[in-house]
Amino acid sequence: MTVLTILNAPGTEIPDQLTDLARREDVELRIVEAHELGSALPGTDVLLLWDFFSKALRSEFGTADSLKWIHAAAAGVDSLLFDELSASDVVVTNARGIFDRPIAEFVLNYILIHAKNSLRSLEDQRDSVWNRRSTKNLAGSHAMIVGTGSIGREIARVLSALDVNVTGAGSHARTGDADFGTVIDSAQLSSHLSGVDWVINIAPLTDKTKNLIDAEVFAAMDPSAYFVNVGRGEGVVTPDLVNALETGQISGAGLDVFDEEPLPADHPLWQADNVIVTPHMSGDTDGWRMRLANQFVDLFEKYVAGEMFPHTVDKAAGYVR
Numbered sequence: 001m002t003v004l005t006i007l008n009a010p011g012t013e014i015p016d017q018l019t020d021l022a023r024r025e026d027v028e029l030r031i032v033e034a035h036e037l038g039s040a041l042p043g044t045d046v047l048l049l050w051d052f053f054s055k056a057l058r059s060e061f062g063t064a065d066s067l068k069w070i071h072a073a074a075a076g077v078d079s080l081l082f083d084e085l086s087a088s089d090v091v092v093t094n095a096r097g098i099f100d101r102p103i104a105e106f107v108l109n110y111i112l113i114h115a116k117n118s119l120r121s122l123e124d125q126r127d128s129v130w131n132r133r134s135t136k137n138l139a140g141s142h143a144m145i146v147g148t149g150s151i152g153r154e155i156a157r158v159l160s161a162l163d164v165n166v167t168g169a170g171s172h173a174r175t176g177d178a179d180f181g182t183v184i185d186s187a188q189l190s191s192h193l194s195g196v197d198w199v200i201n202i203a204p205l206t207d208k209t210k211n212l213i214d215a216e217v218f219a220a221m222d223p224s225a226y227f228v229n230v231g232r233g234e235g236v237v238t239p240d241l242v243n244a245l246e247t248g249q250i251s252g253a254g255l256d257v258f259d260e261e262p263l264p265a266d267h268p269l270w271q272a273d274n275v276i277v278t279p280h281m282s283g284d285t286d287g288w289r290m291r292l293a294n295q296f297v298d299l300f301e302k303y304v305a306g307e308m309f310p311h312t313v314d315k316a317a318g319y320v321r
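In the working numbering, the protein residues as written are 1 to 321.
In case anyone wonders, no lab produced these hints; they're calculated from the structure. A virtual CB, placed ideally from N, CA and C, is assigned to each residue, including glycine. The reader is advised that the hints may include incorrect statements.
No farther apart than 27 Å at their CA atoms in a straight line, the calculated lysine-lysine pairs in the DSS-like style are these [said to hold, decoys possible]:
no.: 1; residue 1: 116; residue 2: 136
no.: 2; residue 1: 315; residue 2: 210
no.: 3; residue 1: 210; residue 2: 55
no.: 4; residue 1: 315; residue 2: 302
no.: 5; residue 1: 55; residue 2: 208
no.: 6; residue 1: 208; residue 2: 315
no.: 7; residue 1: 68; residue 2: 315
no.: 8; residue 1: 68; residue 2: 302
Pairwise CB distance ranges (calculated) [what the hints assert, rightly or not]:
no.: 9; residue 1: 163; residue 2: 23; range: 49 to 57 Å
no.: 10; residue 1: 131; residue 2: 53; range: 39 to 47 Å
no.: 11; residue 1: 191; residue 2: 26; range: 50 to 58 Å
Let's have the full structure, built from the sequences with the hints guiding it.
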């Protein structure tokens, strides 16, 4: 008998694919919210974090006497990992692959809006102004993608298909990469930004990437360059970003993640006319929760069959290698 506990968020519906697991004779299913987790963990073999931003496990981890596997229904696991879990034998997996194409398309959307000056066109339309003007070519432009995991690679493939030159920034420098060609060490990011048109952050949040995008990075960018963040808000020093936007150090930004969410209503980023703000939704296309549920069911079948998972989070690194 496998005891499966699903940590759910208040008011969030759980797809039938997951609740149907309770019909199996070899599964005991427990569905709880954060305040109930401590009482549900004893005897739990598998924990599904359907409430993928919850940090409830940290304080209750000591009661997890049988836990073998945790699956986070999200790409990032920074809100999950803590010292006791990292040092344990518990296997952690994430939703690798589910959000790759949706986020890549969202990044392309940000870039196209800026390159084609669509915000100005919408303003002109509202004002009934016929204002013909030139816009930028994507072909031949240069994108620096900070984060070379599966999502960063899909962004690289999408942009490359439009003849955008791509370079990656990752944990170590290398050449001959199948998707990026050249990958620079992200610690040297500011030294490689001259001539880059699009700086795109999709790096996981780790000790090395927290506050990686700071005043030095923005100062190294060309004034015509555009910054996109679909990674983690804490990867950026927000006051430095605001200053770069207000002083013209960079041309604009497309921001889906922030160090404080929801973004406060009085935050200056809301009012910046060269910024697109979206509410952490770049991966949320129609049916995304169903795809997450199907992925977990597939992984669960492998677990009960004793098979290896197709991917596992390196808990020391904070991401799937």
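Comparing the hints with the structure gives:
1. Distance check on the hinted pair: residue 116 and residue 136 sit about 6 Å apart at the alpha-carbon level, within 27 Å; holds.
2. Between residue 315 and residue 210, the direct Cα distance comes to roughly 16 Å. Compliance with the 27 Å bound is thereby established for this hinted pair.
3. At most 27 Å may separate the alpha-carbon atoms for a hinted pair to count; residue 210 and residue 55 meet this at roughly 18 Å.
4. As the CA atoms of residue 315 and residue 302 are separated by approximately 21 Å, the hinted pair is consistent with the 27 Å bound.
5. In summary, the hint linking residue 55 to residue 208 is supported, as the alpha carbons are separated by about 21 Å, within the 27 Å threshold.
6. Restraint check: the Cα-Cα separation between residue 208 and residue 315 comes to about 14 Å, which is no more than 27 Å; the hinted pair holds.
7. Distance hint between residue 68 and residue 315 is fulfilled; the C-alpha atoms sit about 14 Å from each other, no more than 27 Å.
8. Taking the CA atoms of residue 68 and residue 302, the gap is about 14 Å. The hint holds against a cut of 27 Å.
9. Checking the proposed 49 to 57 Å range against residue 163 and residue 23 shows it holds: the Cβ atoms sit about 51 Å from each other.
10. Range check, residue 131 to residue 53: about 43 Å between beta-carbon atoms, so the 39 to 47 Å window is met.
11. Between residue 191 and residue 26 the CB atoms are about 56 Å apart, so this pair conforms to the stated range of 50 to 58 Å.
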